[in-house]
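Each chain, written out:
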Amino acid sequence: MNWVPDQGREVSTKPEAGASMLRLAEELFPICRSITGNGVRQTLQILSRFIPLQVAEVPSGTAALDWTVPREWNVRAAYIAKLDGTRVIDFEQNNLHVLQYSTPLDRIVPLDELRNHLHTLPEHPDWIPYRTSYYSETWGLCLTHHQLEALTDEEYRVVIDSTLADGHLTYAECIIKGEIDREVLLSCHICHPSLANDNLSAIVVATMLAQHLRNAKPRHTYRFVFIPGTIGSLTWLSRNERKLGLIDHGLVLSCLGDSGHINYKQSRRGNSSIDRIVAHVLRTEPGDHRITPFVPYGYDERQYCSPGFNLPVGCLMRSPNGEYPEYHSSGDNLSLLRPESLAHSLAVLKRIVEVIDGDVTYRSCNAKGEPQLGRRGLWGGLGGLRSAGYDQMALLWVLNLADGQHSLLDMAERSGLPFSSIRAAADALVNAELLEPVV
Amino acid sequence: MNWVPDQGREVSTKPEAGASMLRLAEELFPICRSITGNGVRQTLQILSRFIPLQVAEVPSGTAALDWTVPREWNVRAAYIAKLDGTRVIDFEQNNLHVLQYSTPLDRIVPLDELRNHLHTLPEHPDWIPYRTSYYSETWGLCLTHHQLEALTDEEYRVVIDSTLADGHLTYAECIIKGEIDREVLLSCHICHPSLANDNLSAIVVATMLAQHLRNAKPRHTYRFVFIPGTIGSLTWLSRNERKLGLIDHGLVLSCLGDSGHINYKQSRRGNSSIDRIVAHVLRTEPGDHRITPFVPYGYDERQYCSPGFNLPVGCLMRSPNGEYPEYHSSGDNLSLLRPESLAHSLAVLKRIVEVIDGDVTYRSCNAKGEPQLGRRGLWGGLGGLRSAGYDQMALLWVLNLADGQHSLLDMAERSGLPFSSIRAAADALVNAELLEPVV
Amino acid sequence: MNWVPDQGREVSTKPEAGASMLRLAEELFPICRSITGNGVRQTLQILSRFIPLQVAEVPSGTAALDWTVPREWNVRAAYIAKLDGTRVIDFEQNNLHVLQYSTPLDRIVPLDELRNHLHTLPEHPDWIPYRTSYYSETWGLCLTHHQLEALTDEEYRVVIDSTLADGHLTYAECIIKGEIDREVLLSCHICHPSLANDNLSAIVVATMLAQHLRNAKPRHTYRFVFIPGTIGSLTWLSRNERKLGLIDHGLVLSCLGDSGHINYKQSRRGNSSIDRIVAHVLRTEPGDHRITPFVPYGYDERQYCSPGFNLPVGCLMRSPNGEYPEYHSSGDNLSLLRPESLAHSLAVLKRIVEVIDGDVTYRSCNAKGEPQLGRRGLWGGLGGLRSAGYDQMALLWVLNLADGQHSLLDMAERSGLPFSSIRAAADALVNAELLEPVV
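Residue numbers (this note's numbering), protein chains in the order written: chain C, 1 to 439; chain P, 1 to 439; chain R, 1 to 439.
A couple of the hints might just be wrong.
Note that identical chains are pooled: a pair holds if it fits in a single copy or bridges any two copies.
[What the hints assert, rightly or not] Straight-line C-alpha distance at most 16 Å; calculated EDC-like pairs for lysine to aspartate or glutamate:
(1) K368 / E179
(2) K217 / E179
(3) K82 / E149
(4) K368 / D126
Just so you know, the hints here were simulated from the structure itself, not pulled from any lab data.
Assemble the whole structure, with the sequences as input and the hints as a guide.
This is how it looks when you write it as structure tokens:
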């Protein structure tokens with residue numbers, strides 16, 4: 001007889017979960033974050049209402065591998081005003097209006113000179129671009145292309161009330177101790193100002209996942225890092241080199257709130273456990289998904305997967321960086337976030353965690369021939385035990401592959417059954433003393 | 001020039017062979033077999049007219065790995081009668097009417113109680129189901145759904161004249177000694193009562209294959225086992241553990257007489273020699289076929305391929321268990337058997353045996369450059385030697401791959417030529433002293 | 001953002017190069033070559049105007065592996081004349097008219113006997129076939145089928161003014177010393193009389209490639225061998241056995257001038273470096289191409305890839321042997337050669353050479369995290385450095401894979417970027433002291 005494999009336990013994608021994540025994103029949205037500065041501190045303080053955070057402050061000038069922690073940047077105001085004082089562009093309206101790391105300025109600037117310091121998106125004339133100049137000192141403002149076209153006076157007053165001075169780079173960790181000290185690294189960047197999908201979405205999903213894990217008593221130790229992009233991961237790596245050997249699996253999280261399907265970018269290794277685990281979860285999940293090989297462009301996986309570290313770290317996204325039109329512009333605002341997408345991203349991460357923590361290798365105690373399941377009450381007839389989370393085929397697969405060489409994930413992949421069903425069948429066989437773990 | 005590979009020797013699928021196998025199936029059909037009892041003994045006695053059989057009788061209660069040989073069951077009569085004595089269901093009409101291993105009974109049973117002991121197939125109301133209760137003591141009868149609907153009296157007399165008592169489990173082996181003691185295991189179950197495709201078809205094909213091999217002086221030793229399903233293979237395995245290391249290849253044979261194409265289910269290993277050999281034969285055989293990976297459900301391959309044994313045993317079938325509507329019902333009767341299917345199954349097995357026995361590894365005696373075939377009378381021009389069973393391309397392939405690393409099957413696979421053509425070319429090269437076997 | 005990989009440097013397929021190769025082929029076309037004799041000597045003398053050649057003369061009777069160098073054959077005249085002296089078939093018209101290695105003859109032959117010594121192509125009645133009888137002594141002539149049909153006299157005078165006598169087999173080598181003594185073997189057969197694509201095309205392309213390499217100061221040492229087919233490569237192999245270990249890559253060149261696309265036949269190993277290199281070049285080359293696995297039929301790769309040598313030698317062709325209608329007939333004449341095909345074949349070979357010589361393995365000097373490219377002037381923004389022969393993605397790929405395990409070709413394959421782009425990015429990184437070669 002041919003068996004339709006059961007589809008595993010439904011992971012609920014509760015609409016409430018999505019709504020509460022959206023509310024948190026709304027609270028974080030107006031803050032002007034950058035790779036350093038008070039915006040990051042304010043953000044972490046809000047997150048610490050939900051999960052315990054260890055905040056690190058790393059002084060400017062500290063070496064971070066081949067890089068150096070830059071000066072700290074803070075901005076209080078920035079505007080372009082007509083000479084009569086009317087503000088035509090104002091940071092108060094949208095913090096994307098200021099070029100990140102812009103040096104301070106307060107002077108009358110002729111329009112011709114001003115134009116060289118203005119950034120727009122001609123192809124999306126209603127959106128303000130998100131631009132940075134972290135490592136090359138200059139001043140600048142960003143505006144919509146329509147706004148640029150409306151600048152017709154000969155001169156404008158330009159004010160950028162910013163400070164670029166020795167200070168600190170701020171990041172935070174949330175560590176959830178598990179039964180074992182082998183670690184799972186979850187990393188998301190917190191350096192973007194008022195952009196929603198990139199990356200408030202991942203920040204709120206990571207926060208809720210951490211909250212869930214604190215109650216779940218996981219097997220692995222989970223380490224969440226909330227860091228500014230590039231310089232943050234470089235700094236974190238340089239300060240944690242000796243601990244990296246503990247990392248069994250890792251994910252960079254970004255762009256998890258839009259309406260697109262899940263995209264998983266594999267680790268540099270391409271065949272890490274995390275790559276196989278995510279592929280399995282996505283394969284048994286309804287709906288589309290896409291898995292793409294590693295490329296050395298994207299988010300902080302670039303640093304985690306640099307050749308000297310080569311950590312088993314992939315990147316989980318919905319619409320990837322650069323592949324949605326609103327990317328890195330004011331179009332990436334709260335209207336892009338869907339509560340059901342946030343909830344689904346969280347649910348997928350919970351299933352990934354379920355596999356990470358449940359993937360154990362067993363050896364059958366009765367490996368020669370099939371054990372007689374009938375006298376142990378385990379022969380319910382095929383299909384008869386689905387209420388227990390598995391069916392008879394899952395039992396037979398686990399028994400057949402429990403040779404100490406196949407992990408439960410290997411069994412799920414070979415059988416085509418969902419991991420949860422294999423895990424439940426293994427639990428029943430452990431109870432019947434038919435399996436023992438391989439240590 | 002591009003060569004159309006020759007298609008190998010035709011293996012005749014003589015209609016006479018099919019007709020004589022069908023006659024043997026007809027003789028065996030009426031016998032009421034079970035996992036123990038006189039039906040099995042009677043069956044083996046008939047087979048021993050064709051091939052020498054070593055019959056084993058294993059006492060009830062004998063341990064067989066995690067199982068125990070059950071009591072022996074025999075049934076002489078079984079019927080449901082109206083109170084006036086008219087029999088409405090009678091084992092005499094069809095031995096499927098009795099639930100296998102039914103306990104004895106002779107009493108008046110109210111219809112309501114009786115219904116709980118009756119088995120039908122509502123979706124096929126004219127067929128009697130085949131049901132067993134080997135390891136859970138109960139009584140029962142099987143009937144067509146139309147027969148069930150015709151039971152309208154308030155009470156019926158139910159008689160099951162069976163015995164369930166200490167006795168023996170019976171199985172047989174037919175061993176054909178070859179040049180070497182490395183073994184090929186061929187296993188088929190003999191426990192089904194009047195069912196034709198499952199498994200009289202395989203019993204008669206195995207018998208004729210054994211008869212053929214006795215005359216063929218094979219290289220390997222061939223061991224045919226005729227056993228009851230599950231408990232039979234468990235019993236055989238438990239009594240032969242020390243010999244299992246001799247098995248190089250194995251096949252479970254079942255359902256070999258219906259009109260479907262060949263289905264091969266791979267061994268648990270998935271890349272055993274037998275898996276490659278069967279795939280090669282089927283690829284060079286006209287007509288459809290299907291190869292499916294191992295699953296831990298089916299016939300006795302479940303036991304041979306349990307993790308503690310993991311023998312290189314696949315399963316050769318036409319329509320597989322559960323995939324034809326008549327499976328495990330009175331619909332699986334002699335009308336399902338086609339002589340040409342039986343003959344084709346036998347022919348395919350003969351080609352498999354040909355590869356098993358002919359797959360040798362050679363080393364070229366002139367490995368540097370091509371030897372000059374012209375002065376050895378082997379350069380007949382391309383295509384010129386087909387009458388000898390091979391063409392010039394087969395010669396060139398064998399010479400090119402005879403590095404002591406490629407077996408003849410490897411060569412057949414790499415060249416796309418049929419094994420028989422490669423084998424014939426190798427024979428010619430051995431005769432010309434251009435090849436020597438690797439020992 | 002998704003990057004469209006840049007398409008690498010254009011290798012010019014200058015029409016002049018094609019025209020000058022065609023002129024050389026025109027000069028070589030009328031010469032009557034065979035596996036031995038003055039035609040080969042005359043051919044090599046012409047080639048030596050372009051490249052330095054070391055000519056070898058191997059006496060008849062010399063052992064060459066399983067073969068023996070045959071007697072030398074030369075032919076001065078051959079014709080069929082009516083008894084009145086009118087020549088109806090004349091070697092002067094086309095040197096294909098004489099069967100190669102035909103023994104001498106001068107006598108009146110009855111038409112019936114004569115027919116047994118005449119070779120035609122009935123399916124192409126206007127073409128003269130190319131036929132040989134090197135190792136079986138006989139006489140014969142080749143003619144068009146229309147010419148055969150016009151022979152109606154009862155007797156003809158047949159004159160073959162040939163000599164078959166002890167002499168020499170002639171071949172030549174052109175060795176271009178590189179920085180290292182590891183070798184690249186390029187082999188083409190020079191034994192065909194007036195046939196153009198097979199193989200004057202490859203002879204002229206090889207000559208021009210050798211000329212190019214003499215000026216290019218290559219890293220590897222390049223060894224071109226111009227040899228008669230089969231017996232020539234066997235002779236060369238038997239005289240150079242001890243040097244064969246120096247060969248890292250090899251190609252047999254043939255049929256490189258017709259209008260077909262490139263066909264590459266892999267080495268026997270199937271995964272040699274040369275197989276990967278050619279596949280990469282063809283993949284990044286515009287236009288169709290085809291890659292086929294090794295078969296032990298074709299050109300001298302049969303000898304180089306015999307199991308006792310198993311050299312990493314593939315075969316580069318346009319229309320392969322036997323796959324164009326004019327093959328081995330007078331239809332394979334100068335009209336088949338296209339200057340643009342000759343030039344394209346040369347260009348592809350130059351790109352192959354570029355990969356062979358440029359495929360080095362590096363280790364990053366800053367393997368932990370990405371080095372800061374900005375302060376080294378290497379962060380031109382994505383796509384911004386294409387004028388330097390590479391883009392930012394090529395830089396990132398090289399840095400990411402420079403772990404001492406990936407060669408530049410590995411990087412090109414994994415990234416999907418052309419080798420030339422990866423090579424240029426690596427050069428920039430070497431200049432910036434970010435990479436060091438693995439020795």
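Right, here's what the structure says about each hint:
1. K368 / E179: For K368 and E179, neither the intra-copy (33 Å) nor the inter-copy (30 Å) Cα distance is at most 16 Å.
2. K217 / E179: within (8 Å within a copy, 63 Å between copies)
3. K82 / E149: within (15 Å within a copy, 96 Å between copies)
4. K368 / D126: neither (71 Å within a copy, 41 Å between copies)
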